[in-house]
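Based on these hints, arrange chains B, C and D with the ligands on the given structure of chain A.
Order-wise, the sequence lines are chains A, B, C and D.
Numbered as in our numbering, the first sequence ends at 359 without a single skipped number.
Numbered as in our numbering, the second sequence ends at 679 without a single skipped number.
Numbered as in our numbering, the third sequence ends at 1179 without a single skipped number.
Numbered as in our numbering, the fourth sequence ends at 1511 without a single skipped number.
What the hints contain is simulated information worked out from the structure, not anything from laboratory work.
Do not rely on the hints blindly, as some may be mistaken.
Stated by the list, open to error - Straight-line C-alpha distance at most 27 angstroms; calculated DSS-like pairs for lysine-lysine:
(1) C:LYS747 x D:LYS1397
(2) C:LYS1005 x D:LYS1453
(3) D:LYS1397 x B:LYS558
(4) D:LYS1313 x B:LYS558
(5) A:LYS137 x A:LYS313
(6) C:LYS752 x D:LYS1503
(7) C:LYS947 x C:LYS1158
(8) C:LYS752 x D:LYS1313
(9) B:LYS558 x D:LYS1400
(10) C:LYS803 x D:LYS1453
(11) D:LYS1392 x C:LYS791
(12) D:LYS1313 x C:LYS791
(13) C:LYS1071 x B:LYS558
(14) C:LYS752 x D:LYS1506
(15) B:LYS558 x C:LYS803
(16) C:LYS689 x C:LYS917
(17) C:LYS752 x C:LYS809
(18) A:LYS89 x B:LYS516
(19) C:LYS820 x D:LYS1454
(20) B:LYS558 x D:LYS1503
(21) B:LYS558 x C:LYS1012
(22) D:LYS1313 x C:LYS820
(23) D:LYS1392 x C:LYS803
To be verified - Here are a few chain A residues that sit away from chain B, every Cβ distance over 12 angstroms (derived from the structure):
(24) ALA41
(25) GLU46
(26) SER62
(27) GLN65
(28) SER80
(29) THR82
(30) GLU107
(31) PRO111
(32) LYS184
(33) ASP215
(34) ILE292
(35) ASN295
(36) SER307
(37) ASP339
Only a predicted model underlies this, so the values are computations on that prediction, with no experimental measurement involved.
The C-beta atom is built at its ideal place from N, Cα and C for all residues, glycine as well.
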Amino acid sequence: GSAGGGTAASDGKIKIGVSIWSSTDVLGSQCKTIIDEAAAALGDVEVQYVDQGHVSEKVTASVEQLCAAGCQGVIICNSSDTEMTSAIKTCNDNKVYLSQFFRIISEDDNPDIYQAAVDSPYYIGAVHENEPENGEKLMNILLEKGDRDIGLIGWEQGDATWLGRWEGYQKAVDDWNKEHPDDKATLSEPQYAGTSSEGGSRAAEALMSADPNLDALIPAGGGGDPLQGAIAAVERAGKTDSIDIVSTDFLPDLGERLENGSMAGESGGHYCDPLFSFMMVYNAIKGNYTDIEGNFVDMNFPYLYVSSAEDYKDYEKYFVDQLPYTDDELVEMSKLSIDDLATKASELSIEDAAARAGQ
Amino acid sequence: MEKVKAMALESGMKKENMMSMIRAILPVVGLVLVFLLFNTLTGGRMTMNMSLVLSQVYVIMIASMGVFFIMTMGGLDFSQGSILGISSIVVCYLSQYDILIAILGGIAAGALIGMINAYFYVYRKIKSFIVTICTMFLFRGFIKYLTTNAPVSGSAKLIFYDTTALKLTCTLIILVVGFVAFRYTRFGTDLRAIGAGEKAAMFAGIRTDRMKFWVYTLSGAITGFAAFINVIKVGSVTSSGGNQLETQILIALVLGGMPISGGAKVRFENIIVGSLLYIVLNSGLTMMGFSTQMLQLIEGIVFLVFVAIFADRESLSVIK
Amino acid sequence: MSNDVRLEVKHLCKSFGITKAVNDVSFEVKKGTIHALIGENGSGKSTLTNMLTGIYSIDSGEFVLDGKPIHPKNQVEANDEGVSIIVQELGTLSGLTVAENIFLGHEDMFVKAGIKNTAAMNRKATELLKQYGFTNIRANKMVDEYNFEDRKLVEIIKATYFHPKVVVIDETTTALSQEGREELYKHMYRIREEGGSVIFISHDLQEVLEMSDYITILRDGQYIDTISARGVVENQLKTLMVGREVTGAYYRNDYGEKISDEVVMSVKDVTVPGTIANINFDLHKGEILGFGGLSESGMHEIGKAVFGASYDRTGSVVLEDGTEIKDIPTAIKHSIAYTSKDRDNESVVMNMSIRDNICLPSLNSLGNRLHLQNDKKNKQFANKFAKDISVKMVNTDQFVSELSGGNKQKVVLARWIGKDSDIVVLDSPTRGIDIKVKQDIYQLMDQMRKSGKSIIMISEELMELIGMCDRIIIMKDGKISGQINRSEDVNEHSLIEMMV
Amino acid sequence: MDATMTSSAKAKFAKTDKNKKKMSGTVRGYLILVGLVIISWLIFKLITPGNFGTPANMLQYFQASLIAATGAIGFYFVMVMGMFDFSIGANIMLSAIVGCVLATKYGLGYPGLVIGCIVTGAIVGLLNGTFYVKLRIPSMIVTTGLALIYESIANYMAGGIEQTLPADMRMFGTMPGDIILAVVAFLIAYLILNYTKIGTYTYAIGSDEFVAKNMGIKVNKYKVLAFIISGAFFGIMAILTISYGSSMVAVTGMSSMSRNFVPTMGCFFGVAFKKYGMPLPAIIIGEFVINIIFFGFIALGAPTAIQDVITGLALLIIITLTTKAHKGEIVK
Ligand SMILES: Nc1ncnc2c1ncn2[C@@H]1O[C@H](COP(=O)(O)OP(=O)(O)OP(=O)(O)O)[C@@H](O)[C@H]1O
Ligand SMILES: Nc1ncnc2c1ncn2[C@@H]1O[C@H](COP(=O)(O)OP(=O)(O)OP(=O)(O)O)[C@@H](O)[C@H]1O
Ligand SMILES: [Mg+2]
Ligand SMILES: [Mg+2]
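Chain A extracted, bound-state conformation (with noise of 0.2 angstroms):
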């Protein structure tokens, strides 16, 4: 049906719920600029937002909040499958439309919770990244540099982007060996920062003097602080030069960074993930969507890859100082049916916001 559950807010307006892990910290503060300058740009969306740090019982207490507080749709970031089971659960049972970024059910791993999506009439689909393609693309980066000594750095134990990031990087590692058994590349166990720039520099400090020979290092994310502490750390040892980083995050003074060689390689953009959730749910309140009950949409995000100082300077402009689309792009978007959206997701790279600026 039209207009969705729930109950409109006071003032006719469209109803949204974010559930973040931090709508404060570096990436999650650009996700809530995408969407704020959405919803602006619409006009009859209000937009809340709930912080659960990815503590799973908070996750599930996000969308009863916000399911509680009048929003019609929720887009969710959760840190793991079975939480959204009674994430769905609630949605149904308050005729809430609910949609994913950056995570999607693993219908190998988790079949009934995938099932229960389907089978929703809220529950619309997940927009993400390929993160083991990401792992592999950032391993690969490095092993083409020659590095074969490599030290992990993740965020936190269990977290699903960060497990999808870690698959690619063993894969990588596991084809290269398998290809190359007389250049074998090792793979550290990963050392966990948490998400602090002093917890990258301890586990780079650990790393390092735990294996003199490293070559690279992956602080793999949590937020970009890891990846400064990393190195800094690196810096502080002196080690420049003889070890290459990759990673996920992005820091400001990137395009230096890959200039003077401290940095290898980075992949981003990522942020506009939640955008797309945001049309999905969006849509659906509107009545557009209807094909909801026995569907799950699965809409593959790009991830934009950095190695050079040239590829920063585009993305910089057109990623960091403005936003991908702009105010007439999104409510052009919004008027996408789910097919189209998608494209339009998988198109989205630095040469696809060039030319649509330039225009």
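Positioned in the frame of chain A, the structure of chains B, C and D with the ligands alone reads:
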């Protein structure tokens, strides 16, 4: 003359009783007022979505009861979050086999951690906050270890138990049992006596060490049961599962008017009023839709104001 | 006004809520005298002196020292005016050295440019310790390393080293052993010789008469009289304190009664490392068995040992029916009661109601078959026994911490009477208690004895042992050094000889 | 007559007392701690000789331990008084952000960083202390409430962007800058504790607030002061932290609390070794031991999570071994 003095004292005592009565019902009144306030501010959503709001209260309320017993004796427990995490993991593992075994396993795991706390606190005479901060760290490490490769997920059947009726019933049963034990058996009196003067309690025949040991164990067990309620809703445990439960409990109990050093003036109502007040404040503020920063700023101020109003200071000569 | 007046107390008032603790009190303290302040428990002595030394604020009235009104706000300011106090409770702070304790609040003497000269402070303290003759105390050691007595000695230095004009000694003597008292007396005399004045508070009227030059009596917060200590006898003081003739027997007055042969408890080879060694004795039915000795002689430990409260105890305490007492709950279950010398810590649960305090050991029998407690029943129980021995209280919901010392003691007794204990161990039951309550307690003991209960009474006051006990065992250095049976001929000297 | 008897008995006691205590407490304390350092070093050195415990490594472990030790020695003042602080993490975060903003955005360089961090820390301490004293709420609760507020303020300041110290402003993240700053901080704390009134009063209030008050000590003033000192030291810890890691992001939702524990645990060492008369050195060496164990396990290749377990356990055991359980002692 003597009589006059006695009468004056009597009326003074009445006044004092009145004061302590007011102090006792103040949190309840506060709770009602806060509820009405937020209900108005959120356009009646609070009552409309009562079951959603309440859904967060069960775990806190159950776990607070154990901590309430501990704090009545003058102890502290900062390891509650880790207890919830570990017990939830145990419940998840065992739920693959049998739900009853899972519940018992969660309780046993919680009790075991409680015992470890108690051993160091009671028999090695280390301050309870030192012990429990160390064990909090220690068991958080275990949780992280056990969730390294993936969150620990429970059986898919668990979700069937996630009904308001079950959670409410469990919570009510536990509260009623706790209330009767605390209010109508010597258990409560003994706890309060230990909090009010441990040595004297010992000389009045209370086995204080044994009591402390078992209360810590009991508190662990209760939180171990809360883990079941937690898991049926959440379904899995991540490395941060249960994080900061101890802080939430502490705030809830103090909001409920509990003197933090325990003793004779604690009341069982502290648990109920406190956890409800905490959840209503928390959900209410969240539902009003502030930005995170603003929410936190307001939350901090509101908590301080409420604690300043509700905290029982009269019975404390020294506040640490 | 003659210029031999040191301190004038002028129309002093102080209320705590509705309690008028000190009500329009005026008197004078002369230079170079020891001036005793006496009165029943709660008559306002401590309140008055606490106002003098800045611990309490003054409601109205004032203190005039050497013609000048003083308004100290705390002890340090009082010291600056030349007034100091030695309080009844512990007045030294653990975690600080002896020197730091002595000069607490006066560090500025040793501070230059914000930096404290610890060495100079220790030197000065060592000098003082030597001067006072307390050579076993080290200035730079933590005060925690010393026992209660030595810590009191440190307080004596703290209160007197600066030659104060007025020193208040509030019931310090009850906490001290004979030798400690002697030390204290020496310094009281010294201060008097130096022209200072000592305000001396004590419930030991004998001591008051011996030590003081003048005596001021307070009753219910009101000033009664100031008299010269010469030519007064104890009974006159009692009458002034209580406000009427004190009649009736004080101690029990029977002699030559035969003690039953029935042994209700026998103590064999009881040893507690460091305090008592190889103690053997039997307690008979219906007897009052006294234990006397110096404070450190181990007699207090005997009470604990018998009650199962000692740690590392060896040997056995066996009841008539063969039960061995190994811990407190067993002792209570088998009808043994114990009141500790350390009343506030070990006897009453301070921050709890009178009702709970009285009911605590009896809760099991008060509960119904399902062990559920009944508030009303508990209240009646507490009320009955509190009223029986006339605890002065508003009602049983009142907290014990609000009671005066004597009434706290009564609550403890009510608890054990309520439990109907057959063996009652009383350690220093009349410590810090005024004569009226003392008399009550003695009568109570006599009644209990007559009804076949057995009592162990441990006391540092030899007179009450002699007056009340059927047998007195004297302790020395952790061992039994002698025993005396009840008779009219026993006097303090015969006991003291065994003690030292 | 009796006086002479008893005084000779006393002399006898004094003598046995002296014989029993051959070694001074402080020396014993140092022996225990240095022993711990050597034992923990030896164990890991034996298991994994290749990549652990060279002098250079040890120096690195020591540097890493200095950060938390600096905060812990300030926090010791608060903890000895029996109070608690749950806003440690929020304080460090806020101080570091203010310092970094002053140093970079306002171009004040090192003075901006140092003064910004320390003053912010001290102000946070002042607020903690004042609210605690004025509202008469347990310090644990007050600081929890205030931590929410500090996090929020830090967030408004940082605006969701990590505050980064440029490489040329990280003197205090490497040798010798970090060691110099830590040593200066340590000396100041040592001076305050042992050579000013504040130290004496801190212990006095910790021992018995009532008696202390009666002695004329302005208890509330010194409590607030303790919080200010503690806060300022967390400010120094913030300098070391951001210089070491190079950036700081303002987190919310009490996430900053995860920073509370390492300094708090260091402080436990101080409390446990107070009786040996060497609390501050104990904190420093204690943190060092924790770090040796931490890096030792990394050298072994153990997962990080198990390191937390080991750290918690090691601390518990060390405190257990150094705490003598007196029977009948009341511990809350
Ligand atoms: N802090 C207080 N709050 C309320 N009442 C008090 C306080 N201190 C004393 N009182 C009351 O004031 C009265 C006088 O007490 P005070 O301590 O001066 O008596 P005292 O003569 O020293 O008795 P004792 O011989 O037992 O020491 C008593 O009724 C007592 O209960
Ligand atoms: N802190 C207090 N607050 C309120 N009332 C108190 C407090 N302290 C004492 N009182 C009351 O003041 C009254 C007088 O106490 P006081 O110490 O004078 O009793 P008392 O009969 O002289 O004691 P005792 O018989 O033990 O010598 C008591 O009824 C007591 O309950
Ligand atoms: Mg669907
Ligand atoms: Mg008194």
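The hints, checked one at a time:
no., hint, result
1, C:LYS747 x D:LYS1397, "holds (26 angstroms)"
2, C:LYS1005 x D:LYS1453, "violated (35 angstroms)"
3, D:LYS1397 x B:LYS558, "violated (30 angstroms)"
4, D:LYS1313 x B:LYS558, "violated (32 angstroms)"
5, A:LYS137 x A:LYS313, "holds (21 angstroms)"
6, C:LYS752 x D:LYS1503, "violated (40 angstroms)"
7, C:LYS947 x C:LYS1158, "holds (13 angstroms)"
8, C:LYS752 x D:LYS1313, "holds (20 angstroms)"
9, B:LYS558 x D:LYS1400, "violated (32 angstroms)"
10, C:LYS803 x D:LYS1453, "holds (25 angstroms)"
11, D:LYS1392 x C:LYS791, "holds (24 angstroms)"
12, D:LYS1313 x C:LYS791, "violated (32 angstroms)"
13, C:LYS1071 x B:LYS558, "holds (25 angstroms)"
14, C:LYS752 x D:LYS1506, "violated (40 angstroms)"
15, B:LYS558 x C:LYS803, "violated (39 angstroms)"
16, C:LYS689 x C:LYS917, "holds (25 angstroms)"
17, C:LYS752 x C:LYS809, "violated (32 angstroms)"
18, A:LYS89 x B:LYS516, "holds (14 angstroms)"
19, C:LYS820 x D:LYS1454, "holds (11 angstroms)"
20, B:LYS558 x D:LYS1503, "holds (19 angstroms)"
21, B:LYS558 x C:LYS1012, "holds (18 angstroms)"
22, D:LYS1313 x C:LYS820, "violated (36 angstroms)"
23, D:LYS1392 x C:LYS803, "holds (24 angstroms)"
24, ALA41, "holds (19 angstroms)"
25, GLU46, "violated (7 angstroms)"
26, SER62, "violated (8 angstroms)"
27, GLN65, "violated (5 angstroms)"
28, SER80, "violated (4 angstroms)"
29, THR82, "violated (3 angstroms)"
30, GLU107, "holds (14 angstroms)"
31, PRO111, "violated (9 angstroms)"
32, LYS184, "holds (23 angstroms)"
33, ASP215, "holds (25 angstroms)"
34, ILE292, "holds (21 angstroms)"
35, ASN295, "holds (21 angstroms)"
36, SER307, "holds (30 angstroms)"
37, ASP339, "holds (31 angstroms)"
Violated hints, listed in ascending order, are 2, 3, 4, 6, 9, 12, 14, 15, 17, 22, 25, 26, 27, 28, 29, 31; each of the other numbered hints is respected by the structure.
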